[in-house]
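J.: The residues making up each chain are set out below.
Protein chains: 4
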Amino acid sequence: MPILPASPTDFNIIRSAYAELTVTDLEASRAHYVDLLGLVESARTEDALYLRALEERQHHCLVLRQAQRPAVNALGFKVSCEEDLGRLEAHFRRLGLPAVYVQKEFQGRTLRARDPQGMPLEFFHRMDPVERMLQRFDLYRGAHVMRIDHLNCMVADVQAAHDFYARQLGFRVSEYTETDAADPQLWAAWMHRKGNVHDLALMNGDGPRLHHVGMWVENGLDLIRICDIFAAAHLTDRLERGPGRHGLSNAMFLYVRDPDGHRTELYTGDYQTMDPDFEPIRWSVNDVRRQTFWGHKAPECWFLEASEFVWNGEPVPRQPARLSERPAIAT
Amino acid sequence: MPILPASPTDFNIIRSAYAELTVTDLEASRAHYVDLLGLVESARTEDALYLRALEERQHHCLVLRQAQRPAVNALGFKVSCEEDLGRLEAHFRRLGLPAVYVQKEFQGRTLRARDPQGMPLEFFHRMDPVERMLQRFDLYRGAHVMRIDHLNCMVADVQAAHDFYARQLGFRVSEYTETDAADPQLWAAWMHRKGNVHDLALMNGDGPRLHHVGMWVENGLDLIRICDIFAAAHLTDRLERGPGRHGLSNAMFLYVRDPDGHRTELYTGDYQTMDPDFEPIRWSVNDVRRQTFWGHKAPECWFLEASEFVWNGEPVPRQPARLSERPAIAT
Amino acid sequence: MPILPASPTDFNIIRSAYAELTVTDLEASRAHYVDLLGLVESARTEDALYLRALEERQHHCLVLRQAQRPAVNALGFKVSCEEDLGRLEAHFRRLGLPAVYVQKEFQGRTLRARDPQGMPLEFFHRMDPVERMLQRFDLYRGAHVMRIDHLNCMVADVQAAHDFYARQLGFRVSEYTETDAADPQLWAAWMHRKGNVHDLALMNGDGPRLHHVGMWVENGLDLIRICDIFAAAHLTDRLERGPGRHGLSNAMFLYVRDPDGHRTELYTGDYQTMDPDFEPIRWSVNDVRRQTFWGHKAPECWFLEASEFVWNGEPVPRQPARLSERPAIAT
Amino acid sequence: MPILPASPTDFNIIRSAYAELTVTDLEASRAHYVDLLGLVESARTEDALYLRALEERQHHCLVLRQAQRPAVNALGFKVSCEEDLGRLEAHFRRLGLPAVYVQKEFQGRTLRARDPQGMPLEFFHRMDPVERMLQRFDLYRGAHVMRIDHLNCMVADVQAAHDFYARQLGFRVSEYTETDAADPQLWAAWMHRKGNVHDLALMNGDGPRLHHVGMWVENGLDLIRICDIFAAAHLTDRLERGPGRHGLSNAMFLYVRDPDGHRTELYTGDYQTMDPDFEPIRWSVNDVRRQTFWGHKAPECWFLEASEFVWNGEPVPRQPARLSERPAIAT
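Residue numbers (numbering that gives the first Met the number 0), protein chains in the order written: chain A, 0 to 330; chain B, 0 to 330; chain C, 0 to 330; chain D, 0 to 330.
Possibly wrong hints are sitting among the right ones.
For chains that are exact copies, the list does not tell them apart, and a pair is met inside one copy or across any two.
What the hints assert, rightly or not - Listed next, the in silico SDA-like pairs over lysine to any residue satisfying Cα-Cα at most 25 Å (straight line):
{"id": "1", "residue 1": "K296", "residue 2": "L234"}
{"id": "2", "residue 1": "K296", "residue 2": "Q134"}
{"id": "3", "residue 1": "K103", "residue 2": "R289"}
{"id": "4", "residue 1": "K296", "residue 2": "F277"}
{"id": "5", "residue 1": "K296", "residue 2": "E239"}
{"id": "6", "residue 1": "K103", "residue 2": "E324"}
{"id": "7", "residue 1": "K103", "residue 2": "A231"}
{"id": "8", "residue 1": "K296", "residue 2": "F163"}
{"id": "9", "residue 1": "K296", "residue 2": "D9"}
{"id": "10", "residue 1": "K296", "residue 2": "A180"}
{"id": "11", "residue 1": "K296", "residue 2": "D24"}
{"id": "12", "residue 1": "K103", "residue 2": "P275"}
{"id": "13", "residue 1": "K103", "residue 2": "D276"}
{"id": "14", "residue 1": "K296", "residue 2": "R68"}
Quick caveat, the hints were computed from the structure, so don't treat them as lab data.
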């Protein structure tokens with residue numbers, strides 16, 4: 000099997016922590032993420048909105064920045080201490096990958112680097128503390144989003160991307176998808192640091208692009224309620240897929256599109272994976288229960304549309320998907 | 000068994016429809032019923048607040064009127080047509096009971112009568128139509144109260160009260176509670192017109208008094224959420240009993256006290272009873288599963304405290320409970 | 000509007016009570032309805048299986064009879080007393096419609112009649128009492144089906160069928176669907192006797208055919224759980240549509256097909272309609288929120304496939320749908 | 000504050016993994032844990048029953064061993080690799096604490112040690128793999144227990160115990176309870192390795208004793224359902240406390256007693272704590288929302304009764320609680 004064990008590292012990436020997206024209308028984005036989905040506003044600057052979820056005590060898990068076009072500026076990961084940043088910087092330089100320190104509001108020293116696929120990553124160790132809203136049930140709204148759970152990316156070469164995150168950054172695989180060829184190809188990999196199904200998912204597709212940001216909700220009724228809320232607001236077009244249950248991860252899901260097309264997955268009900276001898280679970284790309292355990296097919300847009308990355312103000316060039324296989328879609 | 004079949008009547012009482020309570024601070028009541036429980040405000044007059052629940056298309060199910068002391072002005076019942084009012088008037092007069100027409104805001108011609116226990120009843124056939132909020136999920140708050148379900152009263156003589164509602168007003172019994180004496184006495188009766196467990200419950204106690212107004216919610220998680228909301232608002236003292244499941248009625252419940260001590264039951268999960276040959280279900284007053292199926296005892300205040308009625312501006316005199324038996328209480 | 004008020008009748012139909020279906024393999028049907036959906040087996044005769052739901056105290060709400068081909072023998076309705084049967088018999092004869100008494104196991108005297116569309120109806124007043132399983136939570140399985148809720152039929156002429164059930168049998172309309180023509184045509188009608196959204200739904204289509212039997216479950220998580228159960232049993236092909244929420248009725252739904260293709264709707268969350276002045280709610284056949292409030296389209300099979308009726312051993316001839324309009328389908 | 004940061008260690012304890020309890024009647028225990036709570040039977044030996052939860056792929060999270068009297072043989076913790084066992088052995092010996100290797104069925108090399116309070120601990124790195132039942136929804140029963148979550152112990156000196164687990168074994172504190180004295184005393188500490196609220200809780204009380212084993216369920220309706228199941232089985236006496244929500248941990252809970260009095264907490268809805276800079280949350284022992292966020296008091300038995308430990312066949316001597324403070328109890 001094409002899955003690698005995580006290599007030991009001299010730094011410790013704790014978890015996926017935030018995404019920074021550019022949006023074309025901050026007010027429209029605010030109405031979507033705060034008024035409808037129920038995220039909490041931590042700060043509003045001249046050109047950006049900083050959001051967090053109900054249990055989070057760190058400043059933000061989603062940054063929305065005003066821009067001419069929607070894109071993804073960075074994927075943020077928390078590391079265990081400031082020293083880890085220096086070790087990561089050295090590691091990226093050894094690998095010949097760009098890595099520079101940048102100033103980010105509301106968080107400590109931040110290392111900005113690029114992975115071999117071209118995805119912009121940011122590593123930080125500290126973020127400003129904020130009030131935990133977990134027990135302010137009187138203020139709960141929308142989907143009752145608890146915390147950021149994961150980042151899901153489309154990449155042209157899943158095997159190469161997986162190898163990088165396993166060998167170079169110490170990510171472990173919980174589940175993966177292969178083609179059924181005699182010589183099976185890695186079609187997708189769910190990789191984690193924090194001990195549940197994933198911090199980072201890699202899926203075969205034209206990329207690199209951000210497919211979605213995964214947000215944790217408490218249970219399946221939260222998914223039903225948020226569908227009802229969007230429908231009541233006459234915004235059913237933002238409900239792209241679900242509610243349903245994934246075979247892979249076992250989580251219940253709902254995919255929502257924001258006004259710029261950025262995708263959020265409301266996600267709940269996966270399981271623990273922190274045992275070092277956890278055996279990765281294999282799925283065939285053609286197993287209909289893999290994508291929706293109940294047999295529902297995903298709509299074509301779910302497979303084709305994603306958000307492109309930006310590096311130094313330039314769109315990150317997109318490579319065609321290495322594998323042609325695609326799961327069945329709704330027709 | 001001391002239960003009577005419903006006698007045929009020449010009028011048709013459809014269901015319990017509202018309660019009119021007096022409160023000492025309308026603002027405090029509004030904060031409780033609208034901001035926390037999530038009822039919808041239909042109208043605000045100089046001295047009263049008219050509330051409805053999410054699925055209701057009639058103007059009000061709860062009227063809160065400013066007064067010097069908390070009490071109950073009336074229990075409201077909807078009848079099938081205006082002619083029913085005349086038939087009810089004649090029927091009450093035949094029985095030597097007071098029955099007069101009164102003007103009520105936001106509803107049609109209303110007959111105000113008194114039952115033999117002294118409880119003030121109001122019968123109406125029409126109420127002003129209002130917008131149904133059932134599918135305005137974006138406006139749901141608090142306990143997501145769907146509709147008024149029932150009225151529960153403490154009366155000194157349950158047998159006599161039951162006989163009146165069965166023989167004279169055509170109410171049917173779904174479940175009832177008896178003492179274990181050789182000659183069993185009727186301790187409580189759940190009576191209905193609309194085809195679920197009850198529109199009117201009669202329980203043994205010093206009375207007549209209104210024990211609680213029952214409001215329908217969708218499921219058990221609504222009960223958990225409203226506990227969380229009151230706790231977040233530092234108002235745990237308003238959570239009197241539950242959440243739990245009643246053996247009698249099988250409903251899940253939570254009892255909440257308002258700022259004046261008026262009690263609301265949030266209630267869900269009973270069953271259908273419209274079959275004319277429905278066999279009333281008997282419970283012993285000493286069966287611990289009767290009051291809380293899980294064996295929890297109710298607190299003493301739940302048995303002792305209730306809201307007194309007012310008739311023509313005078314408190315309705317209270318008679319001591321005829322039966323001394325009382326279920327086990329939490330000690 | 001093409002909706003009629005219910006005409007008064009000298010008999011009283013209480014509610015829809017059962018469906019009798021023919022199936023080709025009783026064991027396969029038993030595995031579906033009892034082992035997976037969790038219905039309770041009341042009796043097993045040489046050629047039939049009698050099932051009930053958890054709260055039901057009457058013998059059966061679904062009869063499955065072994066036969067060469069799947070079909071529908073009868074739709075059962077409970078009336079208030081034996082005398083109603085004589086009045087119904089006379090009424091059908093006056094209308095020139097067949098009506099004969101038949102012997103049915105486990106239920107009292109039964110009148111078998113045919114409506115103008117050709118649908119076989121059975122009216123009864125008494126059924127054998129059985130143990131209520133409502134509080135045998137230790138025996139709950141599958142979808143936790145509480146009771147039968149309604150019967151949904153496709154008919155060639157909805158207006159004519161609606162007129163018959165309103166004028167001749169006293170059914171009331173809760174919600175209905177019209178075309179958008181200058182002269183709007185009645186596309187579907189939800190009609191009830193028991194005081195919730197429906198006992199009988201009539202939809203435009205080649206008919207008469209039984210589209211589905213509606214069964215009440217407690218909440219949305221029951222729908223999620225039964226999807227998981229069918230998927231775990233590798234029977235996702237039986238999950239035809241949903242879970243979702245209907246705009247019309249506001250109920251959450253899941254449509255399941257049995258081994259013979261008979262359709263069951265698991266249904267929860269509609270509302271009360273017993274007020275005589277309840278104003279029927281209108282929907283346009285082209286309103287996407289009508290069929291699934293969240294905007295999901297129904298699959299084509301949901302619109303085309305249904306179970307045919309049998310009368311005296313002969314299939315009831317099918318007429319083409321009078322209206323050509325059809326809601327959007329999943330493509 | 001009396002809370003210490005976790006000291007670095009040369010071994011890596013992954014999580015709490017199992018408890019081994021002695022019981023007086025294996026059949027009665029099996030009926031409780033398997034038939035009612037819904038745990039999965041992994042193995043049955045001559046004198047023991049090995050159970051796991053639905054998502055678990057390791058052989059057991061609960062071992063029930065036949066004995067003359069109920070007690071606790073061991074608390075099991077998983078370590079990252081076999082080498083960790085040698086490092087732990089050396090560490091315990093350096094501390095002058097007993098540590099010996101023992102043979103345990105269905106798991107790899109196991110180190111048995113005793114902590115300074117006298118609690119018997121077992122460390123292992125490998126357990127026999129078993130089939131994951133997570134997606135066998137057709138086999139779910141009872142409370143739908145997903146996994147073991149934590150072990151909760153009463154100890155005479157919480158400060159000393161906390162110091163040992165923080166300094167010597169690298170446990171981190173998520174939340175803690177203090178007295179309100181001018182010189183606040185540590186009354187309880189919730190400590191973890193796996194990144195949620197706890198693997199091990201330490202509470203002030205006569206000890207050492209095991210207060211309960213915490214098992215993770217999916218949501219609040221699972222707690223309601225298991226109450227219904229025990230009540231239906233006429234075993235309400237096994238429902239000791241709840242359902243409710245803890246202020247501390249924010250989790251929803253239900254405490255159940257087994258036939259020997261061993262306590263299980265069904266637990267759901269806490270939060271993530273893997274950030275190294277997570278700031279422990281302080282509660283006052285007198286804050287009524289700490290134990291039940293909704294204000295409910297715990298019954299006295301919950302504070303007084305717990306399971307005693309055994310070491311080399313001898314009961315571990317019990318020391319009186321160092322602190323006299325006790326939260327309010329239900330009276």
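J.: My question is about K296 and A180: at a cut-off of 25 Å on alpha-carbon distance, are they close within one copy, between copies, both, or neither?
T.: within (22 Å within a copy, 35 Å between copies)
J.: Please work out whether the CA atoms of K296 and F163 approach to 25 Å or closer within one copy, between two copies, in both situations, or in neither?
T.: neither (31 Å within a copy, 42 Å between copies)
J.: Indicate which option fits the pair K296, Q134 if close means a Cα-Cα distance not exceeding 25 Å: within, between, both or neither.
T.: Cα proximity of K296 and Q134: across copies only (19 Å, versus 37 Å in one copy).
J.: When Cα atoms must be at most 25 Å apart, do K103 and D276 count as within-copy, between-copy, both, or neither?
T.: between (37 Å within a copy, 19 Å between copies)
J.: Please sort K296 with E239 into within, between, both or neither, judging by C-alpha distance up to 25 Å.
T.: both (12 Å within a copy, 12 Å between copies)
J.: Reference check for the pair K296 and D24, CA-CA at most 25 Å: within, between, both, or neither?
T.: neither (32 Å within a copy, 30 Å between copies)
J.: My question is about K296 and F277: at a cut-off of 25 Å on alpha-carbon distance, are they close within one copy, between copies, both, or neither?
T.: So K296 and F277 fail the 25 Å test inside a copy (29 Å) and across (40 Å) alike.
J.: Go through the copies and call it for K103 and E324: within, between, both or neither, with a Cα cutoff of 25 Å.
T.: Intra 40 Å, inter 47 Å, cutoff 25 Å: neither.
J.: Is it within a copy, between copies, both, or neither that the alpha carbon of K296 lies no farther than 25 Å from that of D9?
T.: neither (42 Å within a copy, 48 Å between copies)
J.: Can you tell me if K103 and P275 fall within 25 Å by alpha carbon in one copy, between copies, both or neither?
T.: between (34 Å within a copy, 20 Å between copies)
J.: With identical chains treated as interchangeable, where does the CA-CA distance between K296 and L234 reach 25 Å or less: within a copy, between copies, both, or neither?
T.: both (22 Å within a copy, 15 Å between copies)
J.: How would you classify K103 and A231 at a CA-CA limit of 25 Å: within, between, both, or neither?
T.: Result: close neither inside a copy nor across copies, 37 Å intra and 33 Å inter.
In this structure, the hints that do not hold are numbers 3, 4, 6, 7, 8, 9, 11, 14, in rising order.
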